[in-house]
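Q: Protein sequences appear in the order of chains R and D.
All letters in the first sequence, in the order written, are residues 130 to 598 by my numbering.
All letters in the second sequence, in the order written, are residues 7 to 255 by my numbering.
Careful: at least some of the hints might be erroneous.
If you want the footprint, here are the derived chain D segments under chain R, 3+ residues with CB under 8 Å [unchecked claim]:
id : stretch
1  : 59-71
2  : 98-111
3  : 185-197
Here are the simulated DSS-like cross-link-like pairs (lysine-lysine), alpha carbons at most 25 Å apart as the crow flies [what the hints assert, rightly or not]:
id : chain 1 : residue 1 : chain 2 : residue 2
4  : R       : K575      : D       : K68
5  : R       : K575      : D       : K126
6  : R       : K326      : R       : K354
7  : R       : K354      : R       : K191
Pulled a few chain D residues facing chain R out of the computed Cβ check, cut under 7 Å [stated by the list, open to error]:
id : residue
8  : T77
9  : A81
10 : S140
What the hints contain is simulated information worked out from the structure, not anything from laboratory work.
If you're wondering where the values come from, they're calculated on a predicted model, not measured in any experiment.
Heads up, the beta-carbon is just placed ideally off N, CA and C, and yes, glycines get one too.
Listed below are the residues making up each chain.
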Amino acid sequence: MKEKTQVTDIDRSLYDFRYEEDESDFLEGGITPSIIEEISKEKNDPEWMREFRLNSLEIYNKTPMVNWGASIDGLDVDNIVTYIRPKTRMNKDWDSVPDNIKETFERLGIPQAERESLAGVGAQYDSELVYHNVREEVAKSGVVYTDLESAMHDPKYAELIRSHFMKLVPPTDHKFAALHGAVWSGGSFVYVPEGVKLDIPLQSYFRLNAKGAGQFEHTLIILEKNSYLHFIEGCSAPKYYEAGLHAGCVELYVAEGASLRYSTIENWSKNMYNLNTKRAIVEEGGKIEWVSGSFGSHVSYLYPMSILNGRGASAEFTGITFAGEGQDLDTGAKIVHNAPDTSSYMNTKSISKSGGKSTFRSAVVVNKNAVGSKSSVNCESLMLDRISRSDTVPVIDVKTDKCDVGHEAKIGRISDEAIFYLTSRGLSEEEARAMIVRGFADNVSKELPLEYAVEMNNLIGLEMHGSVG
Amino acid sequence: MSDILKIENLTVAAEETELLHGVDLAVGEGETHVLMGQNGAGKSTLGSTIMGSPEYKVTGGKIIFDGEDITEESADKRAKRGIFLSFQNPVEIPGITLSEFLRNAAEQQTGKRVKLWDHKKKLAAAMEVLGMDSSYADRDLNVGFSGGEKKKAEILQLLILKPRFAILDETDSGLDVDAVKTVSKGIEEYRKSVGGTLLVITHNAKILEELSVDATHILVNGRIAKEGDGKLAADVLENGFEKYVGEEN
């Protein structure tokens, strides 16, 4: 008899490389008003932003720590250096990016990806944009894709940013939103004018590279009426010995008849606390589509929220979460139906192995005015062994009876019968398991852009490698 | 003719219960053998054990394939040697199409890359023999297939993977007359093109008519109670198992 052995640790060494940072770049570790002043000065903030940061810090100090979901006891915010300035300023072409930074990106395959099909790259190294390139056709179409700091100083966008920045996710939302408001740095600003449909996706790739440094990038996307955009956000970070924190913020404004697709693969190193806040507001007839893959981090809290604010607005959420040893990934989505005839569809898969824990948490709120709305939530979990854990926490809050709300959840393990069937056709047990997991993830990977689907398949292969002794 | 499979005094248990109590069986290369027996006699247990199912534990005896002891070998290694089992209840695997699964399996077994174009051509030809709609190639493996379609898909795998030794576990059961004919045609095609050895577990007269049977083994309560040539199978179908059950007792 062949004995099954436990699934071994994930080989993440591919992503675990980094360069020595220059000590002189660190600001002091704790967060005080004087640090905020310093950040603000360094960034050459407009006066309103300086005040916004200081106000957010006050809210941060007053707001209690989150005490639900996955444990974040290992996180000591006061010792996290929140801001690191890389050696270079923004670059428009690849050649002028310093070699060590370039090498990091090249190992992640960014330039190749760009050559293939991507319209522009806003790659964030540590806390500032070092590389930013928007192809001419994108610029010609009137689409603005730049970093938020520059846009704030551009008279054409200054007011637009001021009226939208952290209006959807106010600093009062939760402690880490307040922290974000105080120390945010870097990120993207995208503006798509009325009627413009960009058929090539825009991509931004975030990355952390300094020990103990938090990353607080802010993404602000505004779609005017009847426009279309596909935005791809990807993350990967090297592994550290101290806890890392990611508390980014994404705000998406989708006007009447506009459609936004927002894809993410997060692959933070396994010591990272990923406490990210993402939110979209969708007006009449508009559409938001989220595609979200969570592979990395030690602890994640990630629940992109869609507010359907106009008649006929719709939201789709497709997500996959893969929790391995030492990972506690609490992910899901929230949808608020706040207008008649709105519709939402949520389809998620989660996989846990080697003692990893994945929790699916969803909330569907149907307000009284959302007559004729429809919502369907479908979540499936697969546990690869007996020591892993999977939880489902669906919340449904319906305030009108004139709506149609459905929820379906399935939790399962890989059956011995399925393994025998596949091995009887010549696949090794490891290959059989990887095949079942790939199949399980298939309808999510189909939603991903091709190069990301390939990356996800490779990640699954990597995670499953050595899973059977 | 030399034996491709030789089973010696095999005892098999599942969850502490002994199901096979010392089975001896020899199958010559290129021959077609029939394994018969009442429900619960241990036919599927024997078939699955030859394939290497982890559900069943070999507690004594040996399984020799091609002169080598494979009793302790895992199912994938046995598959690579050329052993195949057509499952009575094929498993549904969502997210993997029949076509990509078969290409993957063929590559694993041969250790060589199979060109997509060649694979598609072979698959289409085999599907035509079985009268399968070509759309099945792009459907998820066995997912939502009817009982008959699942059995056809098993025979399709037989035709693509071309094993040297195939166990067909009631591949004909639950099929209507036409489907049995189609499956028989697939088996005939396998015999013709591969010349492989067959161990057929069946209750069906129709399929026996289509096959030229070299030997029959009758399993009663986990033991071989009677062996004979093709006529024995016909006799059992006509007169039932009773007299063999009697002989055993």
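Q: Which hints from the list above does the structure break, by number from lowest to highest?
A: Numbers 3, 4, 7, 8 and 10 - these are the hints that the structure violates, sorted from lowest upward.
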